[in-house]
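K.L.:
The chain contents come next:
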Amino acid sequence: MEAAVAPARAVRVRGVTPRWALAAVAFLVLALLVGIVAGPVHIGVGDALRSVLAKLGVPGIDSPLSPTQESILWDLRVPRVMLAALVGGMLAIAGATYQGVFHNPLADPYLLGVAAGAGLGATLAIAYLPDALSGHQLLPVAAFVGGAAAVVIAYGIGRAAGRERDSATLVLAGVTVASFFTALQTFVQQRNTDTLQEVTAWILGSLPNTGWTDVRTLAPYVLVATTVIIGLRRVVDVLSLGDLEAESLGVHVRRVRLALVVAATVGTAAAVAVSGLIAFVGIIVPHAVRLVVGTSYRGLLPLSFVVGAGFLVLCDVIARTALSPAEVPIGVVTALFGAPAFALVLRTRGARA
Amino acid sequence: MSAISLEEVTVRLGGREVVCGVTADVEEGEWVALIGPNGAGKTSLLRAVAGLLPCSGTVSLHGTRLEELGRRERAQRLALVPQEPRTPPWLTVSEYVLLGRTPYLRPLAREGEPDREAAARSLARLDLDELAERTLGTLSGGERQRVVVARALAQEASIVLLDEPTASLDIGHQQQALDLLDVLRDTEGLTLVAAMHDLTLAAQYADRVLLLDAGRLVADGAPADVLTEEALARHYGARVRVVALDDGFAVLPARGAPAA
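Protein chains in written order, with the working numbering: chain A, 1 to 353; chain B, 1 to 260.
So here's chain A without its partners, still in its complex pose (with noise of 0.2 Å):
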């Protein structure tokens, strides 16, 4: 037997410190208040919180707000809101898992071709289905499908490759379907140029104010994906170490990984359906999250998820204010601040990377 044994709690994995989880869900949360006070409406932050109060239940409150107040708050804005969290956590959480599956710090939620086959599949939704079939609303099923085939037949392409450079040649797989279905996109909107407006709006990524139906949709599909991947966030460090190392330390990598990388498409293509290609939010805002507090996956992976979830939710109120009434596309609206923002984190914090 050892003599000596360090106690064990000097080995401690940093996870989710609650210094750095109550400062990123006090971002969000500040993030979600101003969400829903901003808007040609004034509503007060005082009054918006006591009609959630109020809504939630809280004896002895009741809302301020007139009825009008009340009906753009709960049937516009916080489902807006709500609505831009789920997308931008989803976003970030998905790229995330993505940079720590395919050990590639570019990786994002888009590496496998999500956007090409959603592109591909919005702008047959947009060309060809008729408004009378009211083609709108397929638009997202359309998306959805076309993003989750593409990922589908990347995965096809690569597993018949590689067996030795797994992950390589996934990426590689995953590039070439998106370049295929980006030239098939790009040809569709060629012959149907008088939809080429509404096309290019939806790949610049939008939030539609379609109050709760949207959130109802795609809620589901973030919370099965994010109760996944969180799940298995400490296999997430594993595959990090590379897939011969994760291998011989008896993961099964290629299961592990296809569960990750299903979990992570899944929410993403539902996340797209609903917001076009919103860009930059799944490559950076993990960095960010490392660059601020330098974690492994297992704290990076929720934190993430709050972080991206606030981003999206201000980026969006920029997107309808900034121009109000008019609406900036809101993938506009990330890389313009957030490459800014990234640059200045990367600045001051870079140096500890």
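If you are wondering where the hints come from, they were derived from the structure by calculation, not from laboratory data. A few of these clues could be false.
[As the list claims (entries may be wrong)] The following label-pair restraints were derived from C-beta to C-beta distances:
1) B:Glu17 to A:Ala21: 50 to 58 Å
2) A:Ala21 to B:Gly70: 32 to 40 Å
3) B:Gly112 to A:Ser179: 40 to 48 Å
4) B:Ala222 to A:Ala21: 57 to 65 Å
[What the hints assert, rightly or not] Covered by chain A, according to a simulated footprint, are these stretches of chain B (three or more residues, beta-carbon under 8 Å):
5) 72 to 80
6) 95 to 109
7) 118 to 125
Backbone N, C-alpha and C fix where the C-beta goes; we use that ideal spot for every residue, glycine too.
Chain A is fixed; fit chain B onto it per the hints.
P.N.:
Then chain B, alone, in the frame of chain A:
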């Protein structure tokens, strides 16, 4: 019973046999050095033994055939230290060593007290307590090598395969790393199989040497019997002098006319 026994192990990669019909045994507690020129199949053989490359023939660990062991069961018996381990710069030493407990955890499980204790023991064993909270990106090459060994040790596998464990270390750190492995072999009862490039070090540390050439096992025996000037000329195409020392011998490169 042998810790590892290989029977007619053949590995094919890209339609080529990179390991051909290797038959050998490694006894418990033995240190076996796997030597041979570049491309002789050392890495492929180690990976096949670790179950990471498909092979024909049989590999048995403590009498149990490899394919009868589950993935995690196999990893509980055998650890592999690859030649260039990936050490993500953001992980702390503790976190990295704790990943060695993966064979004992189901995919959705978290580490428990026994896992943290095993990792703490392994950190203490390798004098890494001071570095426990440091991130891997801030370590020197020698420290990183120790951390990788600590992870393998936390795996609590009795067989450890090492692929050129000292490849990127200077001569002092090479000796420290090998001394450490030698001590661990005694205290933890490890069986070590290490692919080694430096033949003098192989002779000094290993009990037995297996010489591979073009995928075939061409010699198996005590260092003094295998590492002869003639054998090294034949299999490495090298001009060397084997020089007797008080406590063994050294293999030195010799300047001279190229071998015909």
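K.L.:
Evaluate each hint against the coordinates.
P.N.:
Evaluation of the provided hints:
| no. | hint | result |
| --- | --- | --- |
| 1 | B:Glu17 to A:Ala21: 50 to 58 Å | 54 Å, holds |
| 2 | A:Ala21 to B:Gly70: 32 to 40 Å | 36 Å, holds |
| 3 | B:Gly112 to A:Ser179: 40 to 48 Å | 47 Å, holds |
| 4 | B:Ala222 to A:Ala21: 57 to 65 Å | 59 Å, holds |
| 5 | 72 to 80 | holds (count 7) |
| 6 | 95 to 109 | holds (count 11) |
| 7 | 118 to 125 | holds (count 6) |
Checked against the numbered hints given earlier, the structure satisfies every one of them.
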